[in-house]
Amino acid sequence: MSNPMRPPRTPRPSAFPCPRTTIRSGIARSALPAVALSGALLLAGCSGTADTEPPGSTSAKMNPSPATTPTWAPVTGSPQVIPAVRSFRRADGRGWRPSSGARVVVPAGAKSNVADEAQRLAKELGGMTVVYGDQTVRPGDIEVKLSGKNGADNVPVQSTADEAYTLTASGTRLTLTAPTDAGIFYGTRTVKQAVRAAGGLPEGTIEDRPDRPQRGMSLDNARKPYTQDWIEARLREIADLKLNQFQLHFSDDQGFRIQSDTHPEVVSADHLTKAQVRQIIALARSLHISVVPELDSPGHLGAVLDHYPDLRLRNAQGRVIPGAIDISNPKAAPLIDSLLKEMSELFTNPKGAPAYWHLGGDEYQALMSSSPSTSYPQLARAARQKYGSGGTVEDLTTGWLNDRQKTVEAKGKNRIEAWNDGFFASPRVSADKNRMVDYWTGKETGKRDPASFLREGRNVMNFNDEYLYYVLGEPNQFTYPTGQRIYQSWTPMVLRGTQPVAVPASMTGPGRIPGARFAIWSDRAQAQTQQQVAAGIRLPVAALAQKTWDPRTPALSWAAFQALANRV
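Numbering (this note's numbering), first residue to last: 443 to 1010.
Rather than coming from a laboratory, the hints here were simulated on the basis of the structure. Don't be surprised by glycine CBs; every beta carbon is placed ideally from N, CA and C. Some clues are possibly wrong.
[Unchecked claim] Straight-line alpha carbon distances no greater than 30 Å define the calculated DSBU-like cross-link-like pairs of lysine-lysine that follow:
1) Lys793 to Lys848
2) Lys634 to Lys553
3) Lys716 to Lys889
4) Lys848 to Lys783
5) Lys793 to Lys553
6) Lys773 to Lys853
7) Lys848 to Lys875
8) Lys591 to Lys793
9) Lys773 to Lys716
10) Lys885 to Lys853
11) Lys591 to Lys634
12) Lys828 to Lys889
13) Lys848 to Lys889
14) Lys885 to Lys875
15) Lys793 to Lys889
16) Lys828 to Lys848
17) Lys773 to Lys783
18) Lys565 to Lys634
19) Lys875 to Lys889
[Said to hold, decoys possible] With beta-carbon atoms standing in for the labels, derived distance ranges:
20) Asn856 to Arg954: 14 to 20 Å
21) Ala867 to Gly939: 17 to 23 Å
22) Thr513 to Ser931: 44 to 50 Å
23) Ser894 to Thr647: 41 to 47 Å
24) Pro993 to Lys885: 22 to 28 Å
25) Asn918 to Gln972: 20 to 26 Å
26) Leu998 to Ala533: 49 to 55 Å
27) Pro772 to Arg980: 44 to 50 Å
28) Met810 to Ser831: 21 to 27 Å
29) Thr513 to Asp712: 52 to 58 Å
30) Arg927 to Glu707: 39 to 45 Å
Build the full structure now, drawing on both the sequences and the hints.
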């Protein structure tokens, strides 16, 4: 609110009527290119009067109307954002830029579920005033309103239609509408980027929505611990790129990185507390990002098994198999279920929202043997006892994951995933039909082709290690992926190797291949610092965002896309 005791402002000379402080805390001067600075600070609103309310304040009372419509140099070309908008209908006019005295208007009021989105945008654009409950939109203003009838904040997104939004720049005003607050949020990301890239939005209407419903990043926080601040910075970055998932692999042979009250002995010294995890989840939720926790089993359990040596898997010669749990041991399942239950309660989900859980299931060493039944006779015996004389070690492993799925489902998780090498073709026991395949391995021989999963009716998430695996230290013939290669050669249909999966087009749409995640694996933890990882993944993640949002061949060249990424 304006301070009635504050003396009136001294008018500025007519040669420079606009205050230079229009852009303040949200986008730093150093973060804006010259064109954006000139548009937002020098040109925008130079015919209007300065707003008397402090930047970032909120009010239901209208400020006095500007004396005249703001003027600025026209915003030309198409909207400059990543990912590129799906549709833009150009119109005649000067477009929209942030201007002196402009406000963010929320007609639905301060308790609307888009109020937080309006406040965030106002801050990012330099501390614009937010006004609530008023139907009058002045020249220069941004109006934010829902086209749907959802009343709660952070309404669960069920389809890409829920993530759609429309932005119209007309007559120096900007109107943002969407059916959900997720769509509103993505519209604000477009505004933020467009201001950074070109100073504003050109005249016309944007109609935008994603192609693939699941778009994200996965982090191996087990082999290499990352700080809460680093994780939260990445959440903000991927949210600006309209990615909506963050997978956290928090347990492996090298570490168990989340506080446990039921089994404190397994927790590594460098770990996230439960309070920190809750803060990460809360931030992700505010940015419309779903968190996908991963507690991998029956392999990759070395940090847990260090404290339970009797549960380590041994081969026929008695040699301990690193990281693998002996799933024939009756004490194995209760230990892992106890951790699953505790962590499921930590990773909460809003009512009605998809509740994700990743079971792992990859690289169980018993199944990487040429003859699992010979090498691991105790597993073969357990399989025959459970599934009959023809039972196999593959059956026993599939049953293990099925049982772990039941454990997390009992805790409310309903979107279950596992790595593709944890699925086996068997007539006796099959992987739960509702479990999604996360397909990563294209380099290991003998693994099932992704086409076989699609043909049997499963949905397949794209983790193609040829393009989307950022493996620290580049072991096992991995090389750091480049944004250029993803941008020019990869699509969600390229699940393995470098060619699209060979199935009918009806099996490769968003309903069957829901999207992709870019995976950071910390195999050689000291190979890069956290800062180097952040720099290394920046362009690849931006390229993935583009290719999962819009199925068309990108309009920009790689050089132009890279330059735009450096600006926004």
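Exercise. Mind checking the alpha carbons of Lys773 and Lys783 for me, to see if they're no more than 30 Å apart?
Key: holds, 16 Å
Quiz prompt | 44 to 50 Å as the expected CB spacing between Arg980 and Pro772, which holds or is violated | solution = holds, 48 Å
Quiz item: CA of Lys848 to CA of Lys783, is that 30 Å or under?
Solution: holds, 11 Å
Quiz item: So the hint says 17 to 23 Å: do the beta-carbon atoms of Ala867 and Gly939 match that?
Solution: Given about 21 Å between the Cβ atoms, the range holds.
Quiz item: Taking the CB of Asn918 and the CB of Gln972, does the distance hold inside 20 to 26 Å?
Solution: holds, 23 Å
Self-check item: Distance restraint between Lys793 and Lys553, which requires alpha-carbon spacing of 30 Å or less
Solution: holds, 20 Å
Quiz item: When you check the alpha-carbon spacing of Lys848 and Lys875, does it fall within 30 Å?
Solution: holds, 12 Å
Quiz item: Taking 30 Å as the top limit, are the C-alpha atoms of Lys885 and Lys853 close enough?
Solution: It is violated: about 35 Å lies between the C-alpha atoms, which goes past 30 Å.
Self-check item: Distance restraint between Lys793 and Lys848, which requires alpha-carbon spacing of 30 Å or less
Solution: Roughly 19 Å between the alpha carbons, so the hint for Lys793 and Lys848 holds.
Quiz item: Is it true that the CA of Lys828 sits at most 30 Å from the CA of Lys889?
Solution: holds, 25 Å
Quiz prompt | Holds or violated: Lys885 to Lys875, with C-alpha atoms at most 30 Å apart | solution = holds, 26 Å
Self-check item: Satisfaction of hint between Lys889 and Lys716, Cα-Cα up to 30 Å
Solution: violated, 37 Å
Hints 3, 10, 15, 26, counting from the list given before, are not met by this structure.
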